[in-house]
Each structure stands twice: as structure tokens, then as C-alpha cells.
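Student: Each chain, written out:
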Amino acid sequence: MIDFIQMIVSGIAVGSSYALMGLAMVIIYKTSEVPNFAQGEMALITSFFAMMMLTTFNMPVYIAFFLAFVFAVALGCFLEFAILRRAKEPNVLGMIVITIGIEMVLLGFVSWKFGADQKVMPFPIGPYDSFIIGDIFIGKLELLTLVTALLLMIILFLFFKYSKIGLAVKATQQNSVAAKIVGIRTNRILMMTWGISSLVGAVAGLLISPVMMHPYMMWDPMLKGFAAAVMGGMTSLPGAVVAAYMLGIIEHLFGGYISIEFKSVVAFVIIVAVLCIKPSGLFARHYVKKV
Amino acid sequence: MDMKRDYYEDVQLFTSKVISFWFILLIAFLYLFPLFVDNYYIYVANYIAINIIVVTGLNLLVGYTGQISLGHAGFFAIGAYGTVTLMAKAGFPFLLALPCSALIAAGFGFLLGLPALRLEGPYLAIATLGFGLTITQIIGRMEIFGGREGLHTPDITIFSYVIDTDKEFYFLLISLTIVLLFCMRNLIKTRVGRAFIAIRDADIAAQTTGVNILYYKTLAFAISAFYAGIAGGLYAFVLNFIEPEIFTLMMSIMFLAMVVVGGLGSIMGSITGAILLCWLDLKLRNILDIPYIGDWLETLSQSWFSITGVSNIQFIVFGSIMILIMLFEPLGLYGVWIRTKKYWRTWPF
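Which chain is which? The protein sequence lines are G and F, in order.
Taken in order, the first sequence gives residues 1 to 291; the numbers are from our numbering.
Taken in order, the second sequence gives residues 1 to 349; the numbers are from our numbering.
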């Protein structure tokens with residue numbers, strides 16, 4: 001029983017970082033229908049930026065993280081402005097290829113600058129700090145990730161649902177021409193969503209970086225986060241978070257009881273199974289395409 | 001101009017005598033050049049030819065049928081491991097093992113095509129991506145496939161003739177490549193190819209005019225997987241050694257990049273895309289040896305970046321190529337070719 005609860009706890013902890021990445025992807029997909037494969041690497045470059053601020057320039061943690069967040073927002077806005085907006089024929093395949101291209105450029109840049117070896121991130125909470133309730137270990141970092149993920153989800157949900165900008169985002173998503181007519185600057189809205197999404201991704205990257213810090217660290221969280229976002233329906237913020245926790249827990253239970261070897265791929269098997277039954281995800285309304 | 005007057009003009013393989021002439025010249029060149037160059041270039045040619053096969057198959061799926069696959073490294077792995085295992089463990093001859101494993105890959109392609117009937121866009125991307133990762137993981141964990149240590153490839157024997165040098169293998173490979181490319185071009189020009197294109201342009205409209213979506217979508221996946229399987233089986237013999245770490249997500253991404261850079265929906269495009277990116281890939285692995293740029297990059301890396309990570313510049317180059325192609329010429333190199341041709345045809349005006 002203790003094992004079972006411990007697995008669920010670790011599953012929730014891992015699920016939180018998937019949830020953050022999933023949230024970041026959903027925010028972009030919601031407004032611009034771009035499946036952003038560069039999300040992981042945008043977070044990666046921000047985490048390395050924070051590490052550089054901390055180690056090379058010896059900045060205090062708060063300033064370094066603040067600068068990293070500013071950097072993340074600027075990066076997201078820049079990528080939208082400089083690359084995505086210039087795309088000639090925005091279809092899904094083209095967008096996938098462009099974002100994969102961005103991903104490769106960022107990845108190459110980070111590994112060129114820092115080398116491929118493992119780094120140590122001077123994070124205020126170590127990866128092994130934990131406290132014990134009964135017989136269950138809960139890592140402090142994991143708890144922080146969980147709280148951050150839930151908090152961000154609630155804030156974003158309220159923001160997109162009740163604020164004026166959130167309404168503008170919804171309008172842009174549903175009909176960008178009509179949105180332009182009523183006076184919404186859709187270009188600016190898109191740029192802003194990229195900024196927000198990059199920020200959420202950066203939070204995930206910074207929370208993962210104490211555990212592992214090398215150029216490929218974001219691949220797994222990004223793919224699982226993407227999988228969770230797809231499972232949640234690609235347009236629903238709570239859907240992505242719920243799916244991410246489901247994936248995290250199922251993954252850990254599968255690893256614990258059935259086979260530790262295939263733990264990392266079980267998420268994708270679940271995804272394919274879910275998509276076969278509900279092709280547009282668990283929490284999205286199915287839109288019928290017009291001919 | 002390109003005016004087609006009847007159906008047979010539309011389906012013929014060579015549209016003019018000039019093209020047939022150049023084609024014969026090309027074939028002659030392909031068969032003769034290994035006699036004059038050293039071994040490294042033959043290795044490069046082998047590497048490129050294999051990528052051409054995969055990319056042509058992937059182009060059928062992405063360019064002609066309008067689906068997305070980020071899991072072709074999975075089919076590639078099935079072909080490679082299938083061929084080697086059938087030859088080493090079951091004692092199949094090479095000429096039987098290769099099509100058998102390609103058929104196994106095609107079977108998996110059919111299976112992957114089934115969920116693809118209901119999925120599109122990012123949903124299909126994640127499903128195929130998951131398939132590719134899963135296949136590699138499963139192969140890496142099974143004893144019969146050598147696990148993480150990988151497998152050594154046996155010698156190829158064709159009717160008691162042993163092929164053991166790169167040069168001999170080249171002749172086998174290039175013949176297969178030409179045959180497969182011909183099959184593909186023929187397929188595109190027939191009813192089946194037109195059905196694929198109809199599905200790409202408007203699947204519901206295609207269905208209303210009588211195209212069986214279930215049949216043709218799964219067929220596209222199966223044929224594409226078949227090509228990847230053949231190429232994978234041949235790739236095992238170029239490397240002489242296979243391990244699961246070769247067939248990564250990055251490989252699938254590179255295949256997709258070759259399709260897009262070359263040009264969606266054109267066989268010539270696939271060939272040029274594969275040649276360009278493979279050549280760049282092999283060149284950029286030793287980036288510091290390139291004259292002029294190498295020295296400059298070395299000093300740049302030492303002062304600003306790290307010298308250990310200098311080989312990662314290839315990612316930057318590939319990524320930039322993908323972005324620039326999508327931004328400025330969504331039809332890829334083939335689109336550039338079409339535009340130049342049009343420009344010169346009406347030149348002074």
C-alpha cells in the first residue's frame with residue numbers, strides 16, 4: 001500500500017512538469033493552431049540563461065530568475081514576430097516543420113555554447129531535499145512543481161476566461177478576420193500568447209533543471225507534455241493538466257507493477273488508444289470540418 | 001508547354017526524348033563513376049541512395065497523401081532489424097529477407113494507418129512520433145534483437161556470390177534505388193496516385209467522388225513503410241552494425257526535413273533534398289576540417305562558445321535550412337527549379 005501511494009505521489013510530481021509543458025503548448029495552439037515543437041528548447045535556453053546569470057555573473061537567485069523570465073517572454077515574442085508571422089502558407093505541416101527548425105537551431109546553439117555534458121544548476125532547493133509524512137517521501141522540489149503547476153493553471157484559466165485580453169484571445173482563435181474588424185490587434189495577441197507560453201515553459205524548465213541539466217533535458221518533458229496536451233484536446237487548459245497527471249500516474253504505476261523497461265513509452269501507447277476512441281482528445285469538443 | 005492532349009500523354013513515364021536521353025546518361029554515370037573514385041565517395045553515395053529511398057517513400061505519405069509522419073525511423077528500424085535477424089537467426093537468403101522485412105514494416109504501416117484515418121494535424125504527429133519511439137524502445141529491450149549491444153550484420157550472398165566491399169554493394173543498391181524510384185513514379189501516375197492526391201487536396205470531396213479513404217490512406221502508409229523498410233534493411237549493410245540508438249527521433253525529423261527541403265509532392269525534389277541534406281550531414285560532422293570556415297569557427301568557439309560542442313553547429317544549419325525553406329519557398333528546391341524553368345522559358349520577357 002505504501003508503495004502504491006509512493007508511486008502515485010511520484011507520478012503526480014512528474015505529471016506536474018508534463019502539465020506545465022502541456023499548458024504552454026495549449027496556450028499557443030489555442031490561438032494560432034501551431035503545434036509548437038520548439039517549446040522544450042525555448043525552456044532549455046531560458047534555463048541555461050538562468051544558469052549563466054547565476055554562475056558566471058554571480059547574481060542573486062531572485063534577480064537571475066526574474067531576468068530569465070524576462071528573457072523567456074522576449075524570446076517567445078521574438079520568435080513569433082520574426083519567424084512564425086512570416087510564414088507564407090500556414091498549414092499544419094509547415095508549422096510543424098518551422099517549429100522543429102526553431103527547435104534544432106536553439107538546441108544546436110545551447111549545445112555549442114555549453115557542451116553536451118551534465119551541468120549543475122545552483123537552485124535554492126536541491127533535488128534530494130524532501131520531507132517524510134508517515135512512510136512517504138515527498139520531495140520539496142516536487143511539491144513546489146505541483147503547487148506552481150496548479151497555481152499557473154488556475155491563473156491562466158481565469159485570465160483566459162474573464163480578462164479582456166483573454167476574450168480577445170478567444171475572438172482571435174475563433175475568427176481572426178472578424179476579430180480584426182472589431183478592433184483587436186490579432187498580431188499583437190498572437191505575439192503575446194507566444195510570450196506567455198514561453199514563460200510557462202520556462203517555469204517548467206527551471207523546475208526541471210536542478211534534477212538534470214544538459215541540452216537534451218527537455219525532450220522527454222516536452223514530448224510527454226505534448227502528448228498530454230493532445231490527450232486533453234489541444235485547446236483545453238484543464239484538459240491538458242488532467243491528462244498530464246493521468247499520464248504521470250499511469251506511467252509510474254506501469255513502471256512499478258508491470259515493467260520498468262517500457263515505462264517511458266507507455267504514455268504514447270495510451271495516447272494512441274485514447275485518440276482511437278476520441279479523435280480530438282478527452283476534453284475538447286469535436287469540430288466537424290466543413291467541405 | 002506542358003499541355004497534355006490525351007490520357008496517355010499524362011501517364012507516360014518519360015515526357016520527351018530529351019528527358020529520356022538525359023536519363024540514360026545519368027544511369028550510365030551512376031554505374032560508371034564508382035570505377036574512378038575512392039572508397040569514401042562510394043560510402044557517401046550508398047548513404048545518399050538509402051536516404052533517397054526513404055525520402056521518396058515518406059514523400060508519398062507527406063507530399064502526395066497529405067499525412068504527417070514523425071515515426072519513419074521506426075519503420076526504418078523494423079526493416080534493418082528484420083533483415084538482419086531473418087538472415088542471421090532464420091537463415092534466409094538476402095534477397096528473400098529484405099522484401100520479407102519490408103513487408104513486415106508495411107504491415108506495421110498499415111496498423112499505424114488505421115488510427116490515422118481519424119486523426120489529423122498535431123494528433124497524427126504525436127501518434128506517429130509515439131510509434132517511432134515505441135518501436136525503438138521495444139527493439140532495444142528484446143534479446144533476439146541483441147538488446148542495447150546491437151547486432152552485427154552477416155555477409156550478403158546472392159546466388160553464391162558474396163558481396164563484401166562497398167563498391168559491390170553500391171551496384172546492388174543503386175539498381176534497387178532506380179527500380180524503386182521507377183515504381184514510385186509509375187504509381188503516382190496511375191489511378192492510385194491520383195487517389196492519393198485527391199485525398200491530400202480534399203478528403204471529403206475525394207470520398208464523395210468514390211475514392212475509398214480507408215483503403216487508400218492505409219495503402220499510403222503501407223507503401224511508405226515498405227520503402228522505409230527496404231531502405232532500413234540496406235542501411236544495416238552500409239553500417240555493418242546496428243543498435244537501437246541509431247534510430248532516434250532525430251532521424252525521423254531528418255527524413256521529414258529532407259522531404260520538405262526537397263519539395264513536397266515531387267520525386268525529383270525528394271532526390272535533391274536527400275542529396276543536399278545527406279551531403280551536408282556528412283560534411284558538417286567534421287566541421288573544423290572545412291577550409292576557411294573551419295579555422296574561423298575554431299577561434300569563434302574558443303572565445304565565445306565551447307570547442308567540445310562545435311559539432312552541434314550542424315543542428316543550427318539544418319534548423320535554419322528548414323525555417324528558411326518554409327518561409328521563402330514552401331515547395332522546396334523543386335519549387336525553385338520550377339520557377340527558374342518558367343523564367344528561362346519566357347526569358348527576355
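It should be emphasised that the hints constitute simulated quantities derived from the structure, not laboratory data.
One or more hints might be untrue.
[As the list claims (entries may be wrong)] Capping the alpha-carbon separation at 16 Å, the derived lysine to aspartate or glutamate pairs in EDC-like fashion look like this: (1) G:Lys278 / F:Glu243; (2) F:Lys89 / F:Glu143; (3) G:Lys113 / F:Glu298; (4) G:Lys88 / F:Glu329.
Student: Need the list of violated hint numbers for this structure, in ascending order.
Tutor: Structure breaks hint 1 only.
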